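Novice: Next come the chains, spelled out residue by residue.
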Amino acid sequence: MSDAAGSGAVGVVLVSHSRDVADAVSRLAVALSGGTGGRLVAAAGGAGDGGIGTSSELIVDAARRVDRGAGVVVVADLGSAVLTVRALIADEDDADGDEAESPRPGQAGVGTLPPGARLVDAPFLEGAVAAVVTAGAGAPLADVVRAAEDAYEYRKL
Amino acid sequence: MEDGSRRVAELDTGFFVRWLTETASAVDREADRLTELDSAIGDADHGSNLRRGFTAVTAALTDKPPPSPGAALGLAGRTLVSKVGGASGPLYGTLLRRTGRELGDAATVSREELARAMSTGVEAVAALGGAAEGDKTMLDALLPAVRALPESFTAARRAAAEGAVGTVPMRARRGRASYLGERSIGHEDPGAASSLLLVAALERSWEAADE
Numbered sequence: 000m001s002d003a004a005g006s007g008a009v010g011v012v013l014v015s016h017s018r019d020v021a022d023a024v025s026r027l028a029v030a031l032s033g034g035t036g037g038r039l040v041a042a043a044g045g046a047g048d049g050g051i052g053t054s055s056e057l058i059v060d061a062a063r064r065v066d067r068g069a070g071v072v073v074v075a076d077l078g079s080a081v082l083t084v085r086a087l088i089a090d091e092d093d094a095d096g097d098e099a100e101s102p103r104p105g106q107a108g109v110g111t112l113p114p115g116a117r118l119v120d121a122p123f124l125e126g127a128v129a130a131v132v133t134a135g136a137g138a139p140l141a142d143v144v145r146a147a148e149d150a151y152e153y154r155k156l
Numbered sequence: 000m001e002d003g004s005r006r007v008a009e010l011d012t013g014f015f016v017r018w019l020t021e022t023a024s025a026v027d028r029e030a031d032r033l034t035e036l037d038s039a040i041g042d043a044d045h046g047s048n049l050r051r052g053f054t055a056v057t058a059a060l061t062d063k064p065p066p067s068p069g070a071a072l073g074l075a076g077r078t079l080v081s082k083v084g085g086a087s088g089p090l091y092g093t094l095l096r097r098t099g100r101e102l103g104d105a106a107t108v109s110r111e112e113l114a115r116a117m118s119t120g121v122e123a124v125a126a127l128g129g130a131a132e133g134d135k136t137m138l139d140a141l142l143p144a145v146r147a148l149p150e151s152f153t154a155a156r157r158a159a160a161e162g163a164v165g166t167v168p169m170r171a172r173r174g175r176a177s178y179l180g181e182r183s184i185g186h187e188d189p190g191a192a193s194s195l196l197l198v199a200a201l202e203r204s205w206e207a208a209d210e
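Respectively, the protein sequence lines represent chains A and B. Going left to right, the first sequence walks through residues 0 to 156 as numbering that gives the first Met the number 0 numbers them. Going left to right, the second sequence walks through residues 0 to 210 as numbering that gives the first Met the number 0 numbers them.
Hint data in this document are derived by calculation from the structure and do not stem from the laboratory. Just to be clear, a hint being listed does not mean it is correct.
Computed list of lysine to any residue pairs in SDA-like fashion (alpha-carbon distance at most 25 Å, straight line) [to be verified]:
#, chain 1, residue 1, chain 2, residue 2
1, B, Lys63, A, Leu77
2, A, Lys155, A, Glu125
3, B, Lys63, B, Arg203
4, B, Lys63, B, Arg50
5, B, Lys63, B, Trp205
6, A, Lys155, A, Leu77
7, B, Lys63, B, Ala208
8, A, Lys155, B, Tyr178
9, B, Lys63, B, Glu35
10, A, Lys155, A, Ala23
11, B, Lys63, A, Glu56
12, A, Lys155, A, Val20
13, B, Lys63, B, Asp11
14, B, Lys63, B, Ala207
15, B, Lys63, A, Lys155
16, B, Lys63, B, Ser38
17, B, Lys63, A, Gly110
18, B, Lys63, B, Asp104
19, A, Lys155, A, Arg145
20, B, Lys63, A, Asp60
21, B, Lys63, A, Ala89
Just so you know, these numbers come straight off a predicted model, no measurement behind them.
So here's chain B without its partners, still in its complex pose:
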């Protein structure tokens, strides 16, 4: 499996726990910015809701160390659905649970397998919220990221970043922001911004594993 220059991505449970705790740190750091984005077109609770959720995720992972990558994502997803009192709980909860379920109980997964599982997870988010790409939602960051993930973690992060910025000129068609119609144009979607944090944490966790 070794190619001598770059090891093949085998992602173990430790990687997934690191991904989730990295995401928790990023959400904690960026909570005020997320809430500010949400106060422009939403109900100004995205940062605080996600912070509460991911703080609980970190605690759950410490409290009950998961036996596999799939179990880590399942635990995180259930915790988010349980602890977040806003739409981000069921949406991110569904993303992680569904991705985790696709991974099954494998001890390690490849980046390609993660990309396939996440793609199913993102489809479940789209079905739950009844949204599509271009509706100015988290999907506008997640879908390009998942498409780029087979290439590299860095490519996925770049795609998510472009996708998040790309929501600025969009008109919201889902969620509370959709009531604003034209006035939702000109603001970055908070869900796309937090999705970028999740994907960027993936890249950081991989780099940490590389050291």
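One chain only, chain A, in its complex shape:
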């Protein structure tokens, strides 16, 4: 995996209630990755109208943008951001459920996340930085997930 930013790299999606928070954390994580994570990370912040909230359409779009076939790690902040991602992943798990057809763009319905998308149990900012740095270094999906989830262990005192 020497071509870290090319095909085969793990993608990272940052889901926050706030577009500003998602965008800023994305920029911070890319900066801390020395720029290697730039093409691997996509922010999905705020509701569809730009206000505070969660948009499953923004999340699915972001995941598809960074999917290079090696998996996508999703880091979410709180409440509906977490629940929306979990509902989307449940959709993916039973894609053969109710009418497996994918809804067309602009139509009511939820597009699905790329296969193998994973929600990580991680604090938002620390998990995002860990995931982007690890993914930028070319690590496989399991390592990116572990790095993000290990972020809970970084004690500050």
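Place chain B on chain A using the hints.
Specialist: Just chain B, lined up with the frame of chain A:
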């Protein structure tokens, strides 16, 4: 199947579409009250979020008439996940999708079959939110309602109403309200209140079918 006095509940696609549009009307009527409940212990968006979601559900059902009860619930559930920018979208979306999936592509279902499918749907909501009965959530209205549903739609609505009122003295253990701790006591949970609207719409749709 006819018992001469009361026909056996065979619920067709029309019933389910009516249920969803009845719910949409009720949510529209009660949106301000839901938001008011949510402003006491939440972030004051429950009414407007659900209204947006169910307005989109009504439009989707008109745009693309579903072929079966299960498909109607699946379409509604996907629309809610897609259109609602708050926790109610994935939660109600999961309830309806999972219930719809349990119903499969049957053209009609009995009330008992609906009760079993909804029970699975409510369990999926509990798993998604990591909540249990007594946590001051929508489950406190939905679980009693689903338990009473095999008896009658009216019994289910009564159970949901009691469950919603029963959330008033509870302390929230899930969601934003849980940050309030003791201060969440004394307010009805907005999710339990909107769940009552969903269950009451079920009863109204059945009565409409009876006429």
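Novice: Does each hint fit the structure? Answer for all of them.
Specialist: The hints, checked one at a time:
About 34 Å separates the Cα atoms of Lys63 of chain B and Leu77 of chain A, which puts this hinted pair outside 25 Å; it is violated. At roughly 12 Å between alpha-carbon atoms, Lys155 of chain A and Glu125 of chain A fall within 25 Å of each other, so this suggested pair holds. About 24 Å separates the Cα atoms of Lys63 of chain B and Arg203 of chain B, which keeps this hinted pair within 25 Å; it holds. At roughly 20 Å between alpha-carbon atoms, Lys63 of chain B and Arg50 of chain B fall within 25 Å of each other, so this suggested pair holds.
Using a Cα cut-off of 25 Å, the hinted pair Lys63 of chain B and Trp205 of chain B holds, with the two alpha carbons roughly 23 Å apart. With a C-alpha separation of about 21 Å, the suggested pairing of Lys155 of chain A with Leu77 of chain A holds against the 25 Å cut-off. A distance of roughly 22 Å separates the Cα atoms of Lys63 of chain B and Ala208 of chain B; the hinted pair therefore holds under the 25 Å criterion. For the hint linking Lys155 of chain A to Tyr178 of chain B, the alpha-carbon distance of about 23 Å falls within 25 Å, and the restraint holds.
Proximity of Lys63 of chain B to Glu35 of chain B is assessed by CA-CA distance (about 33 Å); at most 25 Å being required, the pair is judged violated. Simply put, Lys155 of chain A and Ala23 of chain A have alpha-carbon atoms about 22 Å apart, close enough for the 25 Å limit, and the pair holds. Taking the CA atoms of Lys63 of chain B and Glu56 of chain A, the gap is about 20 Å. The hint holds against a cut of 25 Å. The straight-line distance between the Cα atoms of Lys155 of chain A and Val20 of chain A is roughly 22 Å, inside the 25 Å bound, and the hint therefore holds.
At most 25 Å may separate the alpha-carbon atoms for a hinted pair to count; Lys63 of chain B and Asp11 of chain B meet this at roughly 17 Å. In summary, the hint linking Lys63 of chain B to Ala207 of chain B is supported, as the alpha carbons are separated by about 23 Å, within the 25 Å threshold. Taken as a hint, the Lys63 of chain B and Lys155 of chain A pair is broken in the structure, with Cα atoms around 54 Å apart against an allowance of 25 Å. Distance check on the hinted pair: Lys63 of chain B and Ser38 of chain B sit about 35 Å apart at the alpha-carbon level, beyond 25 Å; violated.
With a CA separation close to 17 Å, the supplied pair Lys63 of chain B and Gly110 of chain A stays within the 25 Å bound. With a CA separation close to 16 Å, the supplied pair Lys63 of chain B and Asp104 of chain B stays within the 25 Å bound. Note on Lys155 of chain A and Arg145 of chain A: the hinted pairing holds, with a Cα-Cα distance of about 19 Å set against a maximum of 25 Å. Taken as a hint, the Lys63 of chain B and Asp60 of chain A pair is honoured in the structure, with Cα atoms around 24 Å apart against an allowance of 25 Å.
Between Lys63 of chain B and Ala89 of chain A the alpha-carbon distance is near 24 Å, which keeps this suggested pair within the 25 Å criterion.
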